Amino acid sequence: METNFSQKGSEASNSKKVHTYDFKKALRFSQDQIRTLSRIHENFARLLTSYFSTQLRTYVQITAEKVEQVSYTEFLQQVEKKSILGVFEAQPLTGTMVMKFSPDVAYVMFDRLLGGQGDVLQKSSDLTEIEISVIDRIFSNSLNCFQEAWGSVIELTAELKEIEVNPQFLTMASPNETVILVTLQTKVGEVEGEIQICLPHLVLEQVLPKLSARHWLANQKKAIEHHEVEALEKRLHATTMDIAAVLGQVTVDIKDFLDLKTGDILRLDEAVDAPVKLYVDQKQKFLAQPGISKGRLAVQITGLCAEGTVSDEG
1 METNFSQKGS EASNSKKVHT YDFKKALRFS QDQIRTLSRI HENFARLLTS YFSTQLRTYV
61 QITAEKVEQV SYTEFLQQVE KKSILGVFEA QPLTGTMVMK FSPDVAYVMF DRLLGGQGDV
121 LQKSSDLTEI EISVIDRIFS NSLNCFQEAW GSVIELTAEL KEIEVNPQFL TMASPNETVI
181 LVTLQTKVGE VEGEIQICLP HLVLEQVLPK LSARHWLANQ KKAIEHHEVE ALEKRLHATT
241 MDIAAVLGQV TVDIKDFLDL KTGDILRLDE AVDAPVKLYV DQKQKFLAQP GISKGRLAVQ
301 ITGLCAEGTV SDEG
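According to this note's numbering, the residues represented by the sequence shown are 1 to 314, in order.
Below, simulated DSS-like cross-link-like pairs (lysine-lysine); rule was C-alpha separation at most 30 Å, straight line:
#	residue 1	residue 2
1	K161	K81
2	K82	K66
3	K277	K261
4	K210	K161
5	K82	K187
6	K277	K234
7	K277	K255
Pair ranges (Cβ atoms, derived):
#	residue 1	residue 2	range
8	Y279	V207	54 to 64 Å
9	I243	D269	19 to 29 Å
10	E42	G189	21 to 31 Å
11	Q300	I254	32 to 42 Å
The hints are simulated quantities; they were obtained by calculation from the structure and are not laboratory data.
These figures come from a predicted structure and were not determined experimentally.
Using N, Cα and C, we set each Cβ at its ideal position, and we do this for glycine too.
Construct the entire structure; sequences and hints are all you get.
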């Protein structure tokens, strides 16, 4: 019996996955908040794809690969040499954040925007004034996409503060500060790389309550409904319908119909003072009275028909 219990215990321990936990690493974001951040930056990735496809005039695919919480030191250790770092603020959030373009992605964008074929030409010298101007425009327009993606949670005004190539000069958070690291897998033409965004906990602290899935989905639904209403109204205004005003009807034999000649009179099934039936796309919708408006035959709606009933609107 003891042998059997020990065997079962060893099998159970072998089937369990043991993860090393670092008590120095404070996990300050809930899984619910991580999921909401993932949705926001999936939208951000789609907006960036559209923007860069237009600007670079080549195939661009950007997808949100992962959203994780790490220490600020871990983020700095992941930054490759020759990466381009854009430090930015997003009012009303307090503090600075950073967007990082990996070297391959940054330099292929340089080449495309400066008229090249998209070759990766990494160089050892510092960025020229022209290159700084180009990358400044890239970051600024990327931040427009960033604030649009966050619009379902909070209205942001993002502004680029500086461009860095050496991560050691970044002092936006303390070494052990928890940050959200968003990794966007990026492909420009045949070149692959990453765009990363580092969002410190202190910066996001005031907006954390709005990162719950319930709050985000509620705001997102409202935005979608408003957009749908505008689109529906626009389509309705441009819709054309067949409208027919019917004074009355009469049944005629084929023989009498063939013998009709000028001056003959057909008696309709409606009285002279009976309302005119107004059909919309072959369905009776209104009652009206005939008349003349601006010299042309017209009808004035006097009532409506709903589900086979007639109501008088006076």
